[in-house]
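All chains should be built: construct the whole structure from the sequences, respecting the hints.
There are 4 protein chains.
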Amino acid sequence: MPKLGMPPIRREQLIRATLETIDQVGLADATIAEIAGRAGLSAGIISHYFGGKDGLLNAAMRRILRQLHDAVAERVAAAGESPRDKLRAIIDGNFDSTQVNPAAMRVWLTFWAASMHDAQLRRLQHANDRRLQSNLAHYFRRVLPASEAQKAARGLAAMIDGLWLRGSLAGGEFDVARARHTAYEYLDHYLPKSAH
Amino acid sequence: MPKLGMPPIRREQLIRATLETIDQVGLADATIAEIAGRAGLSAGIISHYFGGKDGLLNAAMRRILRQLHDAVAERVAAAGESPRDKLRAIIDGNFDSTQVNPAAMRVWLTFWAASMHDAQLRRLQHANDRRLQSNLAHYFRRVLPASEAQKAARGLAAMIDGLWLRGSLAGGEFDVARARHTAYEYLDHYLPKSAH
Amino acid sequence: MPKLGMPPIRREQLIRATLETIDQVGLADATIAEIAGRAGLSAGIISHYFGGKDGLLNAAMRRILRQLHDAVAERVAAAGESPRDKLRAIIDGNFDSTQVNPAAMRVWLTFWAASMHDAQLRRLQHANDRRLQSNLAHYFRRVLPASEAQKAARGLAAMIDGLWLRGSLAGGEFDVARARHTAYEYLDHYLPKSAH
Amino acid sequence: MPKLGMPPIRREQLIRATLETIDQVGLADATIAEIAGRAGLSAGIISHYFGGKDGLLNAAMRRILRQLHDAVAERVAAAGESPRDKLRAIIDGNFDSTQVNPAAMRVWLTFWAASMHDAQLRRLQHANDRRLQSNLAHYFRRVLPASEAQKAARGLAAMIDGLWLRGSLAGGEFDVARARHTAYEYLDHYLPKSAH
DNA sequence: TATGAATGAGTGTTCATTCAT
DNA sequence: TATGAATGAACACTCATTCAT
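Top line first, the protein sequences correspond to chains A, B, C and D.
In terms of the working numbering, the first sequence opens at residue 500 and continues consecutively.
In terms of the working numbering, the second sequence opens at residue 500 and continues consecutively.
In terms of the working numbering, the third sequence opens at residue 500 and continues consecutively.
In terms of the working numbering, the fourth sequence opens at residue 500 and continues consecutively.
Incorrect hints may have been included.
Heads up, the list lumps identical chains together, so a pair's fine if it works in one copy or across two of them.
List of simulated lysine to aspartate or glutamate pairs, EDC-like, C-alpha gap at most 20 Å [what the hints assert, rightly or not]:
#1 Lys650 to Glu672
#2 Lys552 to Glu519
#3 Lys650 to Asp674
#4 Lys552 to Asp528
It is worth saying that the hints were derived from the structure and are not from the lab.
If you want it as structure tokens, here you go:
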């Protein structure tokens with residue numbers, strides 16, 4: 500049916516329905532019938548577009564990783580040129596409102612847990628981890644020796660993820676201001692005074 | 500031959516097998532056949548002793564919560580009488596080696612994610628949260644006004660859980676010394692100088 | 500349910516139901532629900548006993564191969580000691596009434612066609628082919644040089660299978676007497692006069 | 500642009516793709532997507548031209564029956580006028596190279612098996628059987644009394660099909676010369692000496 | 001004429017649960 | 001007390017078919 504250009508629309512619908520379903524009923528109850536139903540489509544179409552449920556979950560996880568990446572990239576692009584500005588932009592991107600709302604965090608934690616026993620999801624997770632760290636290390640290297648920069652990047656990455664997860668555990672609203680403040684302090688502790 | 504006293508032994512076997520299974524293959528693949536197999540028992544017995552899979556998972560979660568509780572209680576009992584000693588004992592108990600090894604943390608995170616969409620597990624989770632907080636508040640109240648004590652307890656509880664989860668994310672060994680140090684600092688920040 | 504000794508009975512029931520189903524509705528419509536229904540059992544039990552549909556079909560094909568083997572072995576054991584007697588017994592076994600009734604032949608032809616595109620079934624088919632031929636060659640070698648024996652065995656095997664299939668195509672009753680007569684003539688043509 | 504004359508071309512493409520698919524992957528895996536893909540067309544078109552998959556399979560079987568019919572008719576037309584020449588021509592047509600190559604035989608056997616449980620295909624099969632036999636009987640009647648002619652036709656038809664199937668079972672090259680020789684002998688056995 | 005998006009019935013399989021022993 | 005045979009609902013997936021364009 501020459502309703503051309505449907506594929507990207509359908510994929511989008513299905514990925515959104517997947518994230519919504521995981522948020523609301525959890526991964527264990529996220530059957531393809533449930534997901535397709537929320538998307539207003541039939542179950543069969545999931546295999547048609549994503550090759551199967553695994554493909555859809557994979558695409559859904561990629562989606563939230565990409566949203567995070569985009570949120571960070573935007574802020575970094577808009578930031579000033581100093582390493583400190585760039586690093587603060589990375590922090591801000593990670594605490595973007597698209598990332599720290601309750602629904603997103605529930606989905607994140609779900610994928611996190613799932614990735615512990617699913618090779619494909621773990622790969623995505625690790626790629627994301629590495630990207631955050633190398634991104635941080637890139638800017639630290641401008642003002643710190645290589646080994647110091649690595650250490651600082653590792654520490655800040657852990658702090659960001661830690662604050663992040665601490666937020667998802669709290670259940671209530673994520674206190675962005677406070678998380679940002681904590682991360683900023685951590686950052687300044689590693690930056691040479693001259694770079695402040 | 501009735502084999503008196505079998506029930507507690509069987510329950511123990513099955514709960515251990517459940518935790519081991521969740522650690523190794525994940526909750527999604529933790530079928531009762533798999534669990535019973537690891538326990539060296541038949542699948543049917545799970546319904547016999549726990550009323551069903553849900554009952555077993557519930558019991559397994561209670562088990563790890565109780566282990567945490569015991570680890571804390573022991574330390575508190577052995578600690579000095581000052582609020583600071585007691586509060587440090589609570590922190591130490593939470594970072595006990597039975598709690599921060601990779602397997603235990605994997606299971607914890609799994610239950611954490613599951614409790615987001617399972618009413619029974621959520622209840623256990625919340626009860627545990629409240630217990631930690633009221634425990635902390637109890638000792639804070641000895642040296643702080645009620646409202647201050649509440650706030651301090653809430654903050655320290657979040658810090659403990661946060662450090663804890665940050666550790667499970669890191670994947671490697673949990674740095675107990677550092678986590679304890681961070682929590683101690685947080686604690687001293689809230690305690691009046693006179694209580695140090 | 501300690502109704503001990505059920506497995507072999509169930510397997511038997513299911514294999515019989517499979518052959519009956521293939522005979523009556525064909526392989527394409529031989530769903531596990533249909534088969535299990537004819538056996539008076541639930542569909543799930545097939546995976547339980549045979550690991551899946553493939554396993555059951557495999558077992559069913561093995562069954563008819565084994566029945567053929569047994570029919571031949573019995574006749575050979577009861578036959579006189581001369582190569583001619585043994586070879587005639589092999590022929591007779593292949594045209595045993597358990598093998599040449601319409602239902603059996605329909606199932607045979609079905610498996611034959613299926614084995615053209617199914618690796619597992621083809622393996623069974625070939626193993627059976629080789630067994631028939633080596634069985635024939637064994638007796639031919641007593642009165643013929645090796646290479647001659649091979650050729651004779653190859654020829655007689657083809658003749659047996661050919662008559663057999665010709666029968667299944669005819670649709671009506673298999674004319675055992677005529678098939679046997681034809682095969683005997685073929686046999687005598689290869690045997691040295693002294694061996695008649 | 501209506502592209503006049505497309506229908507017959509499309510039908511041809513699809514029938515060929517069907518036979519090719521059945522040869523290579525078997526009837527069970529001959530999905531319409533697979534067939535349409537081999538034809539370089541979309542899946543929907545099959546229902547358009549053949550009303551559905553059944554219609555296509557029907558047409559494909561008709562095709563191979565017609566190819567056989569044509570091969571026979573050609574030879575009969577070119578043959579001498581004696582019954583013996585005509586009958587030999589019918590035999591030759593059945594062992595035409597278009598009929599006895601491995602691919603054609605695999606498809607034949609597949610349809611054969613399928614026709615055992617599919618009313619439509621069985622009808623085609625029987626019509627073909629009857630045509631062969633009445634064709635043979637027609638020429639036998641010139642030199643034999645009616646009842647004798649029927650019997651001879653039935654025998655020769657069975658022999659032809661039998662040799663044919665025996666060939667498809669052998670797996671290797673079909674020995675046309677030998678099959679023809681066997682059928683000729685059978686034929687001469689029934690023909691009155693004067694008709695040789 | 002031909003497409004390809006979409007459906008939904010049907011399939012094999014898994015698995016928690018039941019129950020006779 | 002404990003088994004393991006058996007069930008049946010739920011699942012992901014396949015595929016012939018339909019239909020708007």
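What label fits Lys552 with Glu519 when the C-alpha limit is 20 Å: within, between, both, or neither? Close inside one copy (15 Å), not across copies (27 Å); limit 20 Å.
Go through the copies and call it for Lys650 and Asp674: within, between, both or neither, with a Cα cutoff of 20 Å. between (27 Å within a copy, 15 Å between copies)
With identical chains treated as interchangeable, where does the CA-CA distance between Lys552 and Asp528 reach 20 Å or less: within a copy, between copies, both, or neither? both (13 Å within a copy, 16 Å between copies)
Can you give me the call for Lys650 and Glu672, within, between, both or neither, at a CA distance of at most 20 Å? between (31 Å within a copy, 16 Å between copies)
No hint from the list above goes unmet by this structure.
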